[in-house]
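Q: The whole structure should be built from the sequences, with the hints applied where relevant.
Heads up: the sequence lines are chains A and B, in that order.
The C-terminal residue of the first sequence carries number 330 in my numbering, and the numbering is unbroken.
The C-terminal residue of the second sequence carries number 410 in my numbering, and the numbering is unbroken.
No wet-lab data here; the hints were simulated from the structure.
We put the CB at the ideal spot given by N, CA and C, even for glycine.
Please note that the accuracy of each hint is not assured.
[To be verified] Distance windows between CB atoms, simulated:
id : chain 1 : residue 1 : chain 2 : residue 2 : range
1  : A       : 261       : B       : 239       : 34 to 40 Å
2  : B       : 239       : A       : 97        : 48 to 54 Å
3  : A       : 113       : B       : 67        : 44 to 50 Å
4  : A       : 267       : B       : 132       : 41 to 47 Å
5  : A       : 113       : B       : 204       : 43 to 49 Å
6  : A       : 47        : B       : 294       : 36 to 42 Å
7  : A       : 168       : B       : 81        : 20 to 26 Å
8  : B       : 245       : A       : 263       : 36 to 42 Å
9  : B       : 93        : A       : 267       : 45 to 51 Å
[To be verified] Partial selection, computed: residues in chain B whose CB lies under 7 Å from chain A:
id : residue
10 : 116
11 : 189
12 : 196
13 : 210
[What the hints assert, rightly or not] Per the computed footprint, the stretches of chain B lying under chain A, defined by three or more beta-carbons under 8 Å from a beta-carbon of chain A, are:
id : stretch
14 : 197-208
15 : 381-395
Chain by chain, the residues:
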Amino acid sequence: MTTTSEPKTTDKRTNTLVSSDKAGAAVDRGFAALAKFAGIFILIILAFVALFLSWNSGGALYQEDEGLIIGRFLNYAWPFALGTVVVAVLALVMSAPVAIGVALYISHYAPPRASKTIGYIIDLLAAIPSVVYGAWGMFVLAPAMVPLYRWLNQWLYTWPQENLGFGIPLFAGSPGLGQNIFTASVVLAVMVLPIISSVCREIFIQTPKLHEEAALALGATRWEMIKMAVFPFARAGVISGIMLGLGRALGETMAVVMVVSGLGFQWSIISAGNSTIPREIALNFGETAPNSERWHQLIALGLVLFIITLIVNMIARWIVSRHKEFSGAN
Amino acid sequence: MSQTHTKPETRRASSASSNGTPDPVEQAAQLVRPNTIAGNQLPSWFLFATAAIGAVAGFVISWLVTGFQINYALWFVFSAAVFVVVSYLITRAKQGKRKATDGLWRNLVYVAFVIALIPLVSVIWSVTADGVRGITAAGFFTEDMSQNASQSRERQIHEGERPMGGGVLHAIIGSLLITLTATVISVPIGLLTSIYLVEYSRGGPLSRGITFFVDVMTGIPSIVAGLFGAAAVQVVLSIGNQIGLWSYGPGNYRMGLTAAVALSVLMIPVVVRTTEEMLRVVPNELREASYALGVRKWRTILKVVIPTAISGIAAGVTLAIARVIGETAPILLTAGMLNRVNWDMLNDAMMTLPVYIYWTFTHPVGVGELTYLSEQRAWGAALVLIMIVMALNLIARIIATIFAPKKTGR
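A: Written out as structure tokens, the structure reads:
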């Protein structure tokens, strides 16, 4: 079994440590079984989470007296699912270029002696709890964004509306205090930045020195070297880092809860309203009676979120495994 | 393409010395092609000069655009734009397209770094500026909020020397208790699992499955973990209630233990991944030396492998604690909130620092102007929480470096 690496001894007279040590062998087997059980226990927990969520989601799709009510659930859930995806994607669009830039700065542009310290400073961003970001977004960022929203509203909605007869509905409505999903996505962008940039940094650093030096020796400028040697090597890792950030942004709760006000769905991203799945769960779960339809609906929303993040993580993993042979991402 | 500062003399001299005779073709080539190695260099202060130009021009533009007001955000945006464009144009005129592209991307990378620093500085500034006032208020670390809640509006405003008093003692106690319990649940499971993965499994389907699903677990959104914890405890309580094990109903799910269970779901994968990495770097020679002395496998693991990796394991566990102690959403769903100290993990809701921060900001206590005291307390709690998380990160680093196994003397 697991004890093959022990020397087999036949001399029972002298070696009492190994051969005649029945109790020791039992402990050995027991410890192995314990370790194995701990591993299986994790699988059980995860299976329990998945089963539990799916089982209790059932009540949102089927009620005994009404039959199938999938339509009602979908009608209830789609604004939240859409809001979640929109906020996360907006956050990534803002965050990914900056994060890659920061990673490049640390790996290839900063003075070598300072780069480690700078890396720590960026990692500090990851150490700040999400509720603190939420408070910052609520009190500092949201008021600061209001002028931008007024400007967007003026020039992308009101002005075209009056002069062309059609304004972009994304920028309709009054910005109020700036507590909208656009501000939330800026906060999320700040939160996922250190995640993406630390993954990218690790991979940029692993670029083979010989490739870089070969490019430079051929007369490439630093940017050409990065384009020819670093990016091809790091592509898969960068994408998986971005996916990791996306997974985080999809599941982030507190920043959205604290920054966004209003509930109903609307097309505008710069005025109060709209919501995300985590926000809906966090705001309502406490007041919901177990086993009511609302309770089942909230758990089903959780399941939807779980599945979305699962798919995102799977795609990231698949990208990494596809490019395994020539990249630092594994 | 302009070339004003090439140094054809030196170039010709070197080519003459290597070839012996000056090559007429090369001489002709030098007339049309600038010497890109030594010549056309921009002075070292060029970057600072363009940055200064950008700052000034950005200020002027933002000043004009806003109707003669100072707007820091616009100032930064226009400065960055002017800096990037001006330095690109000058480099392009002086050094050609390739160098200009190189410089452009370098500048963009610099700008990205500055952009990343802005929120960091802003967050830390706003937390410390108000937080210091919060934590220096009397009773911040020694009182809970129960006195505050019982004060009537008039008393709060007119009576008492400290209107709207109160502190975060209950939140700190709750955070520590819940995190400690979550650690006690997660560390044995996580550590034993990584021992199984590293020491016992031989790449079979079980170990591959565990590795895969631990990765899946890392991606569970924290709110889903909280949802699972709360709903699972509700179901367990109602089953136990129905078969007569206890008198708790599903409504009694708000307790510290539920939160600890939810946090464990988030913590276990972190512990497994970090400790697995640490166990894997333990040199095989140590295990073999131990086996050669006839020591049993479990003793080898407990007495040789784990002591060798203990610094890394401790650092990993500390980082895992740092990760979950700042979690808000799962605790909000499970332990809820309370305004007094509660030491009982099995009874009644429990306040924690993150939930305290959230709740105080969104539901400030007090009337009119007095809400600022409440906000100050919340910033103070945020400062305490950041301090704890950063201290844990620092401790993890210190453990990892100081107690790392000696590399020499093998």
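Q: Please go over all the hints and tell whether each is borne out by the structure.
A: Hints, one by one, checked against the model:
The hint said 34 to 40 Å for the Cβ distance between residue 261 (chain A) and residue 239 (chain B), and at roughly 39 Å that hint holds. Range check, residue 239 (chain B) to residue 97 (chain A): about 51 Å between beta-carbon atoms, so the 48 to 54 Å window is met. For the pair residue 113 (chain A) and residue 67 (chain B), the supplied restraint of 44 to 50 Å holds, since their beta-carbon distance comes to about 45 Å. Against the hinted window of 41 to 47 Å, the Cβ-Cβ separation of residue 267 (chain A) and residue 132 (chain B) comes to about 43 Å, which satisfies the hint.
Checked against the given bound of 43 to 49 Å, the beta carbons of residue 113 (chain A) and residue 204 (chain B), roughly 46 Å apart, stay inside it. Residue 47 (chain A) and residue 294 (chain B) have their C-beta atoms about 40 Å apart, which keeps the hinted 36 to 42 Å range intact. Between residue 168 (chain A) and residue 81 (chain B) the CB atoms are about 24 Å apart, so this pair conforms to the stated range of 20 to 26 Å. In this structure the hint that residue 245 (chain B) and residue 263 (chain A) lie 36 to 42 Å apart at CB holds, the actual value being about 40 Å.
Distance hint for residue 93 (chain B) and residue 267 (chain A): a CB-CB separation of about 46 Å, consistent with the stated range 45 to 51 Å. The beta carbon of residue 116 (chain B) comes within 5 Å of a beta carbon in chain A, closer than 7 Å, and the hint placing it at the interface holds. Interface restraint check for residue 189 (chain B): the shortest CB-CB distance to chain A comes to about 5 Å, inside 7 Å, so the restraint holds. At its closest, the beta carbon of residue 196 (chain B) sits 4 Å from a beta carbon of chain A; the interface hint therefore holds under the 7 Å criterion.
A distance limit of 7 Å between C-beta atoms decides the matter here; for residue 210 (chain B) the minimum to chain A is near 5 Å, and the interface restraint holds. Counting residues of the stretch 197-208 of chain B whose C-beta lies closer than 8 Å to any C-beta of chain A gives 6; at least three are required, and the coverage claim holds. Counting residues of the stretch 381-395 of chain B whose CB falls under 8 Å from any CB of chain A gives 6; the rule of at least 3 is met.
The structure fails none of the hints (numbered hints given earlier).
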